[in-house]
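S.K.: Single-letter residue listing:
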Amino acid sequence: MRNWRKLTSTFAILLVASLVLSACSFGGGDSGDAKGNVINLIETAEPPNLDSARSTDSASFTILNNVNEGLYRLDQDSKPTLGMAAEEPTKSDDNKTYTFKLRDANWSDGKPVTAKDFEYAWKRAMNPDTASEYAFIMNAIDKAEEYNAGKAKAKEVGVNAIDDKTLEIRLKQDVPYLKDLLTFGTFLPQRQDIVEKHGEKYALDPDKMVFNGPFVLSEWKHESSFTYKKNDQYWEKDVVKLDTVNVTISKDATTSMNLYNTGKVDYTGVGSEFIDSNKDKPEYFLQPESTVFYTEMNQIKEDSIFKNAKIRKAVMIGIDRQTEMDKILKNGVPAAGFVSPAIRGNDDKKFRELAKVNIEYNPQEAKKLFDEGLKELGLDKAPTVEIVGDDTSGAKDDLTFVKEQLKQNLGLEVKITSVPFKERLERGKKGNFDLLLGGWAADYNDAMSYLEIFTTGYSYNRGKWSNKQYDELVKKAQANENFDERLEQLLEAEKIMIEDAGIAPGYFRSSPSLINQKIKDMHWHAIGPDYSLKWTYVEEGK
Amino acid sequence: MLKYTLKRLSYMVVTLWIIATVTFFLMHLLPGTPLKNEEKLPEHIKEQIMEKYGLNDPLPVQYLNFMGGLVQGDLGASYTQDGREVSGMIAEGFPVSAFIGGQAVVFGSIVGLLLGLIAALKRGTWMDNLSTMIAVFGISIPNFVLGALLAYFVGVKWGILPVALWESYASSIMPSFALALVVVAIISRYIRTEMVEVLDAEYMKTAKAKGLPRRTVVFRHALRNALIPAITILGPLTVNIITGSLVIEQIFALPGIGEYFVKSIVNNDYTMITGITIFYSILIVSVIFIVDILYGIIDPRIRLSGAKE
Chain A
23 MRNWRKLTST FAILLVASLV LSACSFGGGD SGDAKGNVIN LIETAEPPNL
73 DSARSTDSAS FTILNNVNEG LYRLDQDSKP TLGMAAEEPT KSDDNKTYTF
123 KLRDANWSDG KPVTAKDFEY AWKRAMNPDT ASEYAFIMNA IDKAEEYNAG
173 KAKAKEVGVN AIDDKTLEIR LKQDVPYLKD LLTFGTFLPQ RQDIVEKHGE
223 KYALDPDKMV FNGPFVLSEW KHESSFTYKK NDQYWEKDVV KLDTVNVTIS
273 KDATTSMNLY NTGKVDYTGV GSEFIDSNKD KPEYFLQPES TVFYTEMNQI
323 KEDSIFKNAK IRKAVMIGID RQTEMDKILK NGVPAAGFVS PAIRGNDDKK
373 FRELAKVNIE YNPQEAKKLF DEGLKELGLD KAPTVEIVGD DTSGAKDDLT
423 FVKEQLKQNL GLEVKITSVP FKERLERGKK GNFDLLLGGW AADYNDAMSY
473 LEIFTTGYSY NRGKWSNKQY DELVKKAQAN ENFDERLEQL LEAEKIMIED
523 AGIAPGYFRS SPSLINQKIK DMHWHAIGPD YSLKWTYVEE GK
Chain B
60 MLKYTLKRLS YMVVTLWIIA TVTFFLMHLL PGTPLKNEEK LPEHIKEQIM
110 EKYGLNDPLP VQYLNFMGGL VQGDLGASYT QDGREVSGMI AEGFPVSAFI
160 GGQAVVFGSI VGLLLGLIAA LKRGTWMDNL STMIAVFGIS IPNFVLGALL
210 AYFVGVKWGI LPVALWESYA SSIMPSFALA LVVVAIISRY IRTEMVEVLD
260 AEYMKTAKAK GLPRRTVVFR HALRNALIPA ITILGPLTVN IITGSLVIEQ
310 IFALPGIGEY FVKSIVNNDY TMITGITIFY SILIVSVIFI VDILYGIIDP
360 RIRLSGAKE
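The listed protein sequences derive, respectively, from chains A and B. Everything in the first sequence is counted per the numbering used here, starting at 23 for the first residue and increasing by one. Everything in the second sequence is counted per the numbering used here, starting at 60 for the first residue and increasing by one.
By construction, these hints were calculated from the structure, which means they are not laboratory data. Hints are not guaranteed to be accurate.
The list that follows gives simulated cross-link-like pairs (lysine-lysine, DSS-like), each with its CA atoms no further than 27 Å apart [as the list claims (entries may be wrong)]:
no., chain 1, residue 1, chain 2, residue 2
1, B, Lys99, A, Lys444
2, A, Lys273, A, Lys133
3, A, Lys452, B, Lys105
4, A, Lys452, B, Lys66
Source: prediction; values computed, not measured.
Kindly generate the complete structure, drawing on both the sequences and the hints.
M.R.: Take a look at the structure:
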């Protein structure tokens with residue numbers, strides 16, 4: 023009996039001790055008790071890095087977009103609008119040098135934002151010692167690529183703070199998407215004194231960074247939540263209406279739905295299993311993305327049937343993507359080409375609106391082409407091919423659908439291999455696949471961000487499709503400073519890619535989401551950050 | 060006893076060294092690199108960054124560097140969360156996992172013990188059957204199914220407890236409960252089986268014949284003997300549960316460390332893989348050590364034979 027009592031009391035002491043110990047560690051966010059205009063959002067991942075020179079992921083870029091500001095920022099239509107730049111830049115006669123005047127603006131600690139902050143941040147990103155995984159986004163700048171590869175000095179790079187308020191950018195050559203590019207996170211300014219003060223710990227916590235955007239990051243509980251507060255030092259603070267934004271990190275789609283349904287948050291992504299029950303609600307909307315999913319066909323192997331263009335084309339038009347989107351994946355539209363509908367063409371129109379191709383499902387034609395192709399190769403029957411893709415549930419659904427369609431429409435036997443992401447990359451790199459399912463999202467708002475990856479010899483062209491005419495057009499466009507002509511060349515290049523079926527585009531993805539109807543003017547972006555809160559407000563009385 | 064303890068401690072160090080070494084070489088067999096933007100990064104820049112992190116060095120050199128850091132207690136910085144120290148990340152998340160898990164183990168053990176006792180003492184009655192049924196449920200229903208059901212009914216439908224997040228004590232109840240069921244099941248089964256055996260033993264008859272009160276017979280003579288197997292299993296079970304569960308932590312959006320066990324491997328986050336493995340191993344070997352000592356308290360014969368060694 024004595025021992026029994028001892029045991030019980032030990033348990034009791036343990037329980038009490040653990041309660042006391044943990045009492046201080048509960049998260050206890052601001053949600054609910056904050057005054058003023060407050061909204062509560064969800065993020066699906068812990069932001070890995072808020073050091074803009076080193077960030078690579080959308081969670082980090084989204085935060086940075088709301089707490090910092092570059093020369094331009096994305097507006098309500100995802101077009102670049104003036105940020106730290108006071109006015110449009112002046113251009114040199116050769117169109118390669120842009121000179122920006124900065125507006126009078128302060129960092130959150132009251133110090134002025136200077137041209138030096140831009141020069142410092144950009145050169146820091148390019149510096150090989152920083153080991154930035156996005157420095158290549160700056161390759162349009164003169165000598166940036168060389169400096170990043172250790173083949174040029176920092177002072178040779180085409181970024182120069184002439185004085186506190188004047189920034190000069192010298193490009194390798196003029197590009198039509200410069201303004202869009204400058205909205206990208208890697209181009210944000212940084213304060214040398216703050217970066218150097220915190221070293222490796224820079225931007226790991228809100229007190230180890232400064233802000234020049236509409237909000238400041240006031241709190242960051244790792245793996246749990248973070249909070250934005252309105253930045254009183256922001257140059258256009260009168261436009262900013264929200265006082266507080268609480269963001270909860272919830273990695274599971276069902277959990278996020280639960281939080282939304284109990285009113286804990288005002289926004290959530292909608293997992294595929296919840297789309298049918300939510301798609302008719304007024305809060306339902308499709309968050310834009312620039313991701314295109316496509317199948318690469320291995321043309322390296324000596325005996326590959328995909329060396330035959332007719333067989334490639336049969337795969338491209340032999341899959342009923344409309345049915346797949348309507349009935350199975352439900353998060354996108356069939357790809358009409360390779361370049362996403364979010365991408366600009368010229369100042370008025372999107373690339374897709376101007377495109378010269380449109381992929382249409384045609385099983386009869388596909389079967390005909392497939393049989394002709396086999397005949398040309400001297401085969402009676404196609405060998406079984408292996409399709410490699412990710413092991414996520416969405417990718418598995420896609421793989422299964424493609425397998426069924428190819429068997430049904432072409433009589434092609436397909437074996438599915440679904441592997442973890444890193445393994446898929448490795449297999450792609452080594453050419454260890456027949457068909458490879460992958461996706462690509464734009465780094466900058468231009469068709470070149472898509473089309474250059476399938477030129478001959480480009481590392482991401484893993485099926486090794488090669489077409490001389492295509493290569494030439496892309497190369498010409500890369501060097502072309504006549505923007506109308508350049509666009510024409512890119513449109514033509516995409517047409518060749520689709521006609522020759524270099525790859526088989528599948529679908530353009532978007533993210534089904536729900537948002538509380540009282541939240542107005544929260545602007546969503548397909549490229550770079552997910553959203554901007556600068557203009558967002560809460561409608562009263564709802 | 061001291062000699063025995065020292066010997067056990069040196070075994071622990073050797074065990075940890077073997078675990079760290081095997082983990083190190085195994086993880087380098089994983090395809091890909093720890094880089095985050097690997098997909099888009101130009102090949103020559105990728106090589107340059109790998110070089111900078113020393114990831115292109117021959118494996119034995121990397122191993123020596125790794126061991127060097129480890130001896131000094133430096134687990135390194137995470138590759139996926141740039142700059143954040145692995146030890147710091149574990150230190151931040153572990154209290155959450157440990158609290159949820161600890162509560163589950165305490166609750167689960169107490170309930171399991173009671174159920175097991177009742178089942179053994181009332182063998183063949185409805186109470187015994189009920190306890191068996193609870194145990195079967197506990198073993199066969201995965202905690203994530205229970206977690207999801209709890210979140211939906213208790214959280215969303217009835218609104219009794221918060222659906223998720225780490226905000227107040229109430230946030231810990233559902234996740235702990237979801238994790239506790241398996242503990243209840245395992246402990247109650249062990250206790251019941253052992254108790255049934257012990258209650259039939261000769262010395263129990265002796266104890267009863269001596270005229271000892273029933274309570275003394277059950278608790279002092281029977282339960283004490285029946286506890287040994289339960290404690291043996293409880294040690295590793297506790298470590299498993301307090302180091303967090305990926306699914307439970309995701310279902311309830313908790314900032315624990317359960318996720319690191321899985322994500323680090325998916326992302327090839329080498330420092331996190333070794334860090335979390337070593338952390339887990341230290342817990343396991345320590346718990347085994349503690350359990351050994353507990354045996355001694357519960358059954359003095361074990362202590363005696365240990366001392367003789």
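S.K.: Going back to the hint list, which numbers does this structure go against?
M.R.: 2 and 4
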